[in-house]
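This is what each chain is made of:
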Amino acid sequence: MAEKNYIFNLLKPIEQPLTSWDRVYEWLIGRAKIIIMVTQAVIAITFFAKVALDTIAKSKDDQIEELNNQIILYTTEREPRYRLIQNKEVNYRNMWSSSRKVAPVLRELYSYIPNIGTDVVISIIGNIVSISTDDSRANLDSLETAIKSSATFSSAGASVSIEGEDIINGTGKGAFNAIIDEAVLLRGKF
Amino acid sequence: MATIFESSITKRLDQYLANSQKKSYFVAAVTLVFTLVIFLFGIRPAITASIRQYNDNKERTDVIVQLESKLDSLKSLTEQESLNADVIDYFRFLLPSKDRGDYIFDELTTYLNSNNIEISSIQWVRNDDQFEQLSGFLLDPPVVSRLVNIQGSTEIGDLVSFLNIIEESRRIYNVRSLQIFPVNSETLDLFSDLKPFTFNLEVQYFYWNDEIVIK
Numbered sequence: 001m002a003e004k005n006y007i008f009n010l011l012k013p014i015e016q017p018l019t020s021w022d023r024v025y026e027w028l029i030g031r032a033k034i035i036i037m038v039t040q041a042v043i044a045i046t047f048f049a050k051v052a053l054d055t056i057a058k059s060k061d062d063q064i065e066e067l068n069n070q071i072i073l074y075t076t077e078r079e080p081r082y083r084l085i086q087n088k089e090v091n092y093r094n095m096w097s098s099s100r101k102v103a104p105v106l107r108e109l110y111s112y113i114p115n116i117g118t119d120v121v122i123s124i125i126g127n128i129v130s131i132s133t134d135d136s137r138a139n140l141d142s143l144e145t146a147i148k149s150s151a152t153f154s155s156a157g158a159s160v161s162i163e164g165e166d167i168i169n170g171t172g173k174g175a176f177n178a179i180i181d182e183a184v185l186l187r188g189k190f
Numbered sequence: 191m192a193t194i195f196e197s198s199i200t201k202r203l204d205q206y207l208a209n210s211q212k213k214s215y216f217v218a219a220v221t222l223v224f225t226l227v228i229f230l231f232g233i234r235p236a237i238t239a240s241i242r243q244y245n246d247n248k249e250r251t252d253v254i255v256q257l258e259s260k261l262d263s264l265k266s267l268t269e270q271e272s273l274n275a276d277v278i279d280y281f282r283f284l285l286p287s288k289d290r291g292d293y294i295f296d297e298l299t300t301y302l303n304s305n306n307i308e309i310s311s312i313q314w315v316r317n318d319d320q321f322e323q324l325s326g327f328l329l330d331p332p333v334v335s336r337l338v339n340i341q342g343s344t345e346i347g348d349l350v351s352f353l354n355i356i357e358e359s360r361r362i363y364n365v366r367s368l369q370i371f372p373v374n375s376e377t378l379d380l381f382s383d384l385k386p387f388t389f390n391l392e393v394q395y396f397y398w399n400d401e402i403v404i405k
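Chains as they are written, first to last, in my numbering: chain S, 1 to 190; chain C, 191 to 405.
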């Protein structure tokens with residue numbers, strides 16, 4: 001069994017055992033110091049960043065104010081005028097597309113009447129057209145067929161009456177009415 | 191008393207820290223709490239303030255972009271207005287700010303005369319309260335319509351030509367109703383210069399009442 005040698009150095013000072021507060025102090029200048037330094041670095045960086053951001057904010061505020069001042073020059077006088085023109089233009093387009101044109105309808109109707117000089121009364125009110133005429137029965141039949149087969153008119157109705165001399169003359173009184181198709185009647189897009 | 195209390199805590203802490211494992215846990219816990227406190231009261235407020243400022247600046251940038259865009263639009267509109275002054279004036283003439291019945295009368299009589307239509311009468315019909323029924327479409331309140339009744343005699347071709355002109359005209363005329371009657375053949379025989387048809391035409395025209403403001 002090996003004999004253990006103990007060496008005593010009586011000159012070496014014997015250190016006092018560390019108290020709790022000594023340990024806290026050691027901790028503070030050890031690990032905590034790193035945390036504090038990192039925090040200081042972060043706060044310093046953030047401070048400079050904040051200064052830069054504040055400067056940018058100030059410059060942007062100045063820019064906004066300058067732009068607002070420029071815009072005020074326009075908005076007080078010119079903008080209401082432009083808006084008025086814009087509103088008028090929108091309504092004008094609306095009126096244009098919704099207003100009626102009866103010339104093509106009239107042209108088509110008279111193309112179905114062989115003898116324009118005959119007693120033909122034509123009435124167009126809104127989108128309803130009414131025709132009353134005295135003519136030969138052949139012409140009345142032809143007019144009825146034309147109106148009923150035309151794409152311009154829908155819901156066409158016809159009544160032909162034959163009285164007295166009409167029987168001998170081969171004539172009759174015809175009354176027709178129909179609804180004019182909107183695609184033909186309205187002007188459509190500007 | 192306080193000294194006795196302090197020494198008691200110190201004694202207990204020393205006893206607790208005598209065990210190296212417990213000492214490690216204690217240091218770790220204190221370090222963690224310290225880091226947390228530093229983060230909560232030091233780093234977080236500083237970073238939050240910077241982020242808030244950054245976001246505010248982003249909003250400012252958006253506002254600047256919008257204002258610049260508006261300013262550009264206004265400048266462009268001003269330029270367009272001066273370039274198209276003639277067109278705008280013409281548009282104001284087509285849709286005037288008040289009822290210009292005199293223009294309408296002149297225009298209609300010119301078109302009627304140029305198409306050899308004999309005018310019997312031109313009358314303005316009051317239609318303020320029947321606007322929608324008359325026009326068949328809804329318009330913004332500043333648009334006001336007036337109704338003109340025209341009676342005359344004509345050839346069918348001339349009437350169609352006249353209608354064609356007003357319907358193609360940039361000033362909007364909306365034909366509300368039209369009735370065409372043939373003239374009695376005996377009357378035609380008596381008066382050779384008579385036109386073979388008479389007509390009754392109701393036409394709407396429009397103007398923009400500036401006194402009515404759209405909200």
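It is possible that part of the hints are untrue.
[Unchecked claim] Simulated pairs of lysine-lysine, DSSO-like, Cα-Cα distance not exceeding 27 Å:
1. S:Lys58 to C:Lys260
2. S:Lys101 to C:Lys385
3. S:Lys50 to S:Lys60
4. C:Lys265 to S:Lys60
To be clear, the hints were calculated from the coordinates, so they are not data collected in a lab.
None of the values given here were measured: they were computed from a predicted structure.
Which of the numbered hints are not met once you compare them with the structure shown? No numbers; nothing is violated.
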